[in-house]
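*Asks:* Here is what each chain is made of, one letter per residue.
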Amino acid sequence: MSRRNFLRGAVAVSGLTALAASLSPLLELSDFTNVDQFMQKYYKKMTPADMAKVLTRIEGEVQRQYGIRPHVRDYKPMDGVEFVYCLNLTRCIGCRKCVHACVAENNQSRNPEIQYIRVLKLPHGSLDVDKADHNYAPAAVPEPGFFYMPVQCQQCKNPPCVKVCPVHATWQETDGITVIDYSWCIGCRYCEAACPYFARRFNFADPQIPKDRLNPNMSYLGNRPRKRGVMEKCHFCIQRTRAGRYPACVEVCPVGARKFGNILDPESEVSYILREKRIFIQLKEEMGTSPRFFYYFDV
Amino acid sequence: MIQATRNYFLFLRRCGRIAFVGDWRYYAWMGLLTAICLFGLNAYCKQLVHGLIVTGMTDEVSWGVYIANFTFLVGVAAAAVMMVIPVYIYGNEDLHDLVIFGELLAVAAIIMCLAFVTVDLGRPDRFWHLIPGIGQFNFPASMLSWDVIVLNGYLLLNVYICGYLLYRRYQKKKPSKWFYYPFVFIAIVWAVSIHTVTAFLYVGLGGRPFWNSAIVGPRFLASAFTAGPALIILALQVVRRVTASAPAGVAVRLRSDVIAAPRQATLKDLDLLAHHLPELDTVSMEDRLASLHGATVLDVAAGDVLLRQGTTEDSAFFVLSGRVVVKREEGGRFRITRSAGPGEQFGEVSALAGTPRVATATAEKRSLVLRLPAASLRRLMQSHKMNEIVQSRMSERLMITDHGLLMLRSIVQVSMLINVFLLLNEVFKEFYSGNLHVASAKYLFIGLHGHYALVPWIWTAIGLNVIAMILLVLPLSRSLKWLNVACVLCIIGIWIEKGMGLVIPGFIPTPLGAIVDYRPSLNETLVCLGIWAFGLLLYTIFLRMAVPILQGRLSKANEGQEL
Numbered sequence: 069m070s071r072r073n074f075l076r077g078a079v080a081v082s083g084l085t086a087l088a089a090s091l092s093p094l095l096e097l098s099d100f101t102n103v104d105q106f107m108q109k110y111y112k113k114m115t116p117a118d119m120a121k122v123l124t125r126i127e128g129e130v131q132r133q134y135g136i137r138p139h140v141r142d143y144k145p146m147d148g149v150e151f152v153y154c155l156n157l158t159r160c161i162g163c164r165k166c167v168h169a170c171v172a173e174n175n176q177s178r179n180p181e182i183q184y185i186r187v188l189k190l191p192h193g194s195l196d197v198d199k200a201d202h203n204y205a206p207a208a209v210p211e212p213g214f215f216y217m218p219v220q221c222q223q224c225k226n227p228p229c230v231k232v233c234p235v236h237a238t239w240q241e242t243d244g245i246t247v248i249d250y251s252w253c254i255g256c257r258y259c260e261a262a263c264p265y266f267a268r269r270f271n272f273a274d275p276q277i278p279k280d281r282l283n284p285n286m287s288y289l290g291n292r293p294r295k296r297g298v299m300e301k302c303h304f305c306i307q308r309t310r311a312g313r314y315p316a317c318v319e320v321c322p323v324g325a326r327k328f329g330n331i332l333d334p335e336s337e338v339s340y341i342l343r344e345k346r347i348f349i350q351l352k353e354e355m356g357t358s359p360r361f362f363y364y365f366d367v
Numbered sequence: 010m011i012q013a014t015r016n017y018f019l020f021l022r023r024c025g026r027i028a029f030v031g032d033w034r035y036y037a038w039m040g041l042l043t044a045i046c047l048f049g050l051n052a053y054c055k056q057l058v059h060g061l062i063v064t065g066m067t068d069e070v071s072w073g074v075y076i077a078n079f080t081f082l083v084g085v086a087a088a089a090v091m092m093v094i095p096v097y098i099y100g101n102e103d104l105h106d107l108v109i110f111g112e113l114l115a116v117a118a119i120i121m122c123l124a125f126v127t128v129d130l131g132r133p134d135r136f137w138h139l140i141p142g143i144g145q146f147n148f149p150a151s152m153l154s155w156d157v158i159v160l161n162g163y164l165l166l167n168v169y170i171c172g173y174l175l176y177r178r179y180q181k182k183k184p185s186k187w188f189y190y191p192f193v194f195i196a197i198v199w200a201v202s203i204h205t206v207t208a209f210l211y212v213g214l215g216g217r218p219f220w221n222s223a224i225v226g227p228r229f230l231a232s233a234f235t236a237g238p239a240l241i242i243l244a245l246q247v248v249r250r251v252t253a254s255a256p257a258g259v260a261v262r263l264r265s266d267v268i269a270a271p272r273q274a275t276l277k278d279l280d281l282l283a284h285h286l287p288e289l290d291t292v293s294m295e296d297r298l299a300s301l302h303g304a305t306v307l308d309v310a311a312g313d314v315l316l317r318q319g320t321t322e323d324s325a326f327f328v329l330s331g332r333v334v335v336k337r338e339e340g341g342r343f344r345i346t347r348s349a350g351p352g353e354q355f356g357e358v359s360a361l362a363g364t365p366r367v368a369t370a371t372a373e374k375r376s377l378v379l380r381l382p383a384a385s386l387r388r389l390m391q392s393h394k395m396n397e398i399v400q401s402r403m404s405e406r407l408m409i410t411d412h413g414l415l416m417l418r419s420i421v422q423v424s425m426l427i428n429v430f431l432l433l434n435e436v437f438k439e440f441y442s443g444n445l446h447v448a449s450a451k452y453l454f455i456g457l458h459g460h461y462a463l464v465p466w467i468w469t470a471i472g473l474n475v476i477a478m479i480l481l482v483l484p485l486s487r488s489l490k491w492l493n494v495a496c497v498l499c500i501i502g503i504w505i506e507k508g509m510g511l512v513i514p515g516f517i518p519t520p521l522g523a524i525v526d527y528r529p530s531l532n533e534t535l536v537c538l539g540i541w542a543f544g545l546l547l548y549t550i551f552l553r554m555a556v557p558i559l560q561g562r563l564s565k566a567n568e569g570q571e572l
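Protein sequence lines, in the order shown, are assigned to chains A and B. Under the numbering used here, the first sequence is numbered contiguously, ending at residue 367. Under the numbering used here, the second sequence is numbered contiguously, ending at residue 572.
The reader is advised that the hints may include incorrect statements.
Claimed, not checked - Listed below are the simulated BS3-like cross-link pairs for lysine-lysine, each with C-alpha atoms no more than 30 Å apart in a straight line:
{"id": "1", "chain 1": "B", "residue 1": "Lys-438", "chain 2": "A", "residue 2": "Lys-199"}
{"id": "2", "chain 1": "B", "residue 1": "Lys-451", "chain 2": "A", "residue 2": "Lys-352"}
{"id": "3", "chain 1": "B", "residue 1": "Lys-438", "chain 2": "A", "residue 2": "Lys-295"}
{"id": "4", "chain 1": "A", "residue 1": "Lys-352", "chain 2": "B", "residue 2": "Lys-438"}
{"id": "5", "chain 1": "B", "residue 1": "Lys-55", "chain 2": "A", "residue 2": "Lys-109"}
{"id": "6", "chain 1": "B", "residue 1": "Lys-451", "chain 2": "A", "residue 2": "Lys-189"}
{"id": "7", "chain 1": "A", "residue 1": "Lys-231", "chain 2": "B", "residue 2": "Lys-438"}
Unchecked claim - To give an idea of the chain B side of the interface with chain A (calculated C-beta under 7 Å), a few residues:
{"id": "8", "residue": "Asn-51"}
{"id": "9", "residue": "Ile-62"}
{"id": "10", "residue": "Arg-132"}
{"id": "11", "residue": "Arg-135"}
{"id": "12", "residue": "Gly-144"}
{"id": "13", "residue": "Asn-147"}
{"id": "14", "residue": "Val-212"}
{"id": "15", "residue": "Leu-214"}
{"id": "16", "residue": "Gly-215"}
{"id": "17", "residue": "Ala-448"}
{"id": "18", "residue": "Ala-450"}
{"id": "19", "residue": "Thr-519"}
{"id": "20", "residue": "Pro-520"}
Rather than coming from a laboratory, the hints here were simulated on the basis of the structure. Ideal placement from N, C-alpha and C gives every residue a C-beta, glycine not left out.
Hey, can you work out the whole structure from these sequences and the hints?
*Replies:* In structure tokens, the structure reads:
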């Protein structure tokens, strides 16, 4: 063997070794994706049979990971229903019970922590969010001189997040809920940049949920466990509200600050509030997003 | 057809092979870049395994240095247009060959852009959802889908234009205008579009007042047209330096100018030339005989000088066998502008124009050279084909002249002035009106509620930009040394201004008023360095292939010869 060939061989071998070494972390890569997941069709293009197969597959995946056989359904919007949320700022005491009920109901990651509801503590007399305290932790709430404003997905009629998504992974359903297909999202986070309400959350790591805390009543577009690299947000508890129940945050609120219902039904509580209350606020109304989330006062 | 395909693949193979050949400096440089690439790849693999948690990004600041670099590089890619416009629209000859370097830079930059977006994705395995027809492409609503189209389109356009021009040059054929002029003009408009669309990614977001400003688009263009040509000025000088042979002082062993015993040329010599230059066959016997009047054949040894820069006499030369290098003395160094093999000409430009020689031609090895008086060459060029080939070769010289670089300087100069002007406009609007939306600008320029993370960055950027602007405006930067300083300053300044200074503060404070600082993590930084190294590696390879083709050292004529 000539010196030249020997050198060439040595360079090639060391180059390949270095390449293999740099790729070595991939050995830990498990269950990132498989053929079925990779090839899964777009939500709106799936037949009921396709969907049934996908739901069974997801149930199997959840069982393997958490040891619990969940019940995953694809709840569809009901005819003649448009959901609206009303939140009474006079009543809210900032206890954050809604935040925790939401985490439990919707199988949100405990580590890293993901929460759909952010409660802002604001000084009396101002709605300027730049003055908000996000991390208040007093011995007792409410504190004098402050009021509390929980913010979550505002379920806009004109949602900027839907417009910017390059792959239609998020869309608005007929009952007004903007949903995300976690199996279609590519994780570009453009929607997160577009949202004026800081309502969207990204799975920067694989979500961790204690096995005994998993809520087994799951929906495809709602609270089924997510994976790392996809977006999620409040979906008005699809698995409850499309089955005729209240969202978890409404049920848990100890002061009755949260009201939820069908705006198309003139007899509903929310219809009454929007008809009778003299002042209500759509957050950042000037954005033209037209939220289905109304803040009101006891006047 | 099969032959054409075979030829093309042979061309690609030769180009591929040449990328692995070079001197020790080349190997050292490529080795270094490869090593950095592998570190970056390793960091990216970790990110794939653990998720984007290994970056410094959060829900609050959900885009970081990946998107910042992407934005900067789209600008660099768009700037190739600055090279193209003067050449094709105004017919500026000084920049002619530089266009290819600019477009190759655009190709490398776009590939880096695509890499930066890919590493930013949470689910890169689902990229196919973005493919129109197969996935669910949200066009035209999403600006990101526009970006996918314009970036990939721009990549294809530039790959095609560079590929076509280089392949024609390799074949020693004149490029047909119909096959590339339309694409060049599309590429010009397209270049503006890639940067405008990228600006619109930000501008279109009503919930982010810092970005939601009509001036962002023009600012993007101005800064791109500063940083892009600045980068090209530096790259061209590297090319020039690397292709230089020796300092002028230590001249190559030049032998006597008087070459022993030239002999009268005969029809046999013309036949030998026609063997390498088939176009000569179209010349009538009458013209051939007439052209022999005063024509001589020189038998020269390596190092013999055939013509000298600065002298004036009226002969043109064709190489019959062997090889002749044409060198140009510039700024105290000799630079090989091209090398002529059998069938190729040199010295014809000044012979036909009667101007002084612009370069010195020296035999590289023992060669036979046909020397024709200008009148004889004109006689041969009465044949249409012969005229065409000689003319086309005259216009395809690799010349990186100081004049060309100074043309680019004036582009950088004007763009920098506009860039700083637009920045001041933005600063005025933000701070004078003083409404609530000034929070992000405050965070960036003076700090907000005790958070100062970006303040040192932006003032460094402003300082660098202002110094660069002053240097560019002063006549001082007509000297390349100072021009280079100005270019480096404005590249760094604009990188910070456009990356850290535009992308990050858009997220701070959040729409709900929270201030969360962002700092790129080590892993994230390594991925960025890896992509930059990969881009430089690509650009180096592109240049390694393009330079010999432009110099005529790698051509179809010398197939089968090792370079």
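*Asks:* Hint by hint, note whether the structure agrees.
*Replies:* Each hint tested on the structure:
1. B/Lys-438 x A/Lys-199: holds, 23 Å
2. B/Lys-451 x A/Lys-352: holds, 21 Å
3. B/Lys-438 x A/Lys-295: Given pair B/Lys-438, A/Lys-295 is violated - Cα atoms ~43 Å apart, limit 30 Å.
4. A/Lys-352 x B/Lys-438: holds, 22 Å
5. B/Lys-55 x A/Lys-109: Given pair B/Lys-55, A/Lys-109 holds - Cα atoms ~28 Å apart, limit 30 Å.
6. B/Lys-451 x A/Lys-189: Roughly 23 Å between the alpha carbons, so the hint for B/Lys-451 and A/Lys-189 holds.
7. A/Lys-231 x B/Lys-438: Between A/Lys-231 and B/Lys-438 the Cα gap is close to 28 Å, so the pair holds against 30 Å.
8. Asn-51: holds, 4 Å
9. Ile-62: holds, 4 Å
10. Arg-132: holds, 4 Å
11. Arg-135: holds, 5 Å
12. Gly-144: holds, 6 Å
13. Asn-147: holds, 5 Å
14. Val-212: violated, 12 Å
15. Leu-214: This interface hint holds because 5 Å falls under the 7 Å limit.
16. Gly-215: Holds. Min distance 5 Å.
17. Ala-448: Holds, because the Cβ-Cβ distance from B/Ala-448 to chain A comes to roughly 6 Å (cut-off 7 Å).
18. Ala-450: This interface hint is violated because 13 Å lies over the 7 Å limit.
19. Thr-519: This interface hint holds because 5 Å falls under the 7 Å limit.
20. Pro-520: holds, 5 Å
The structure fails hints 3, 14, 18 (numbered hints given earlier, in ascending order).
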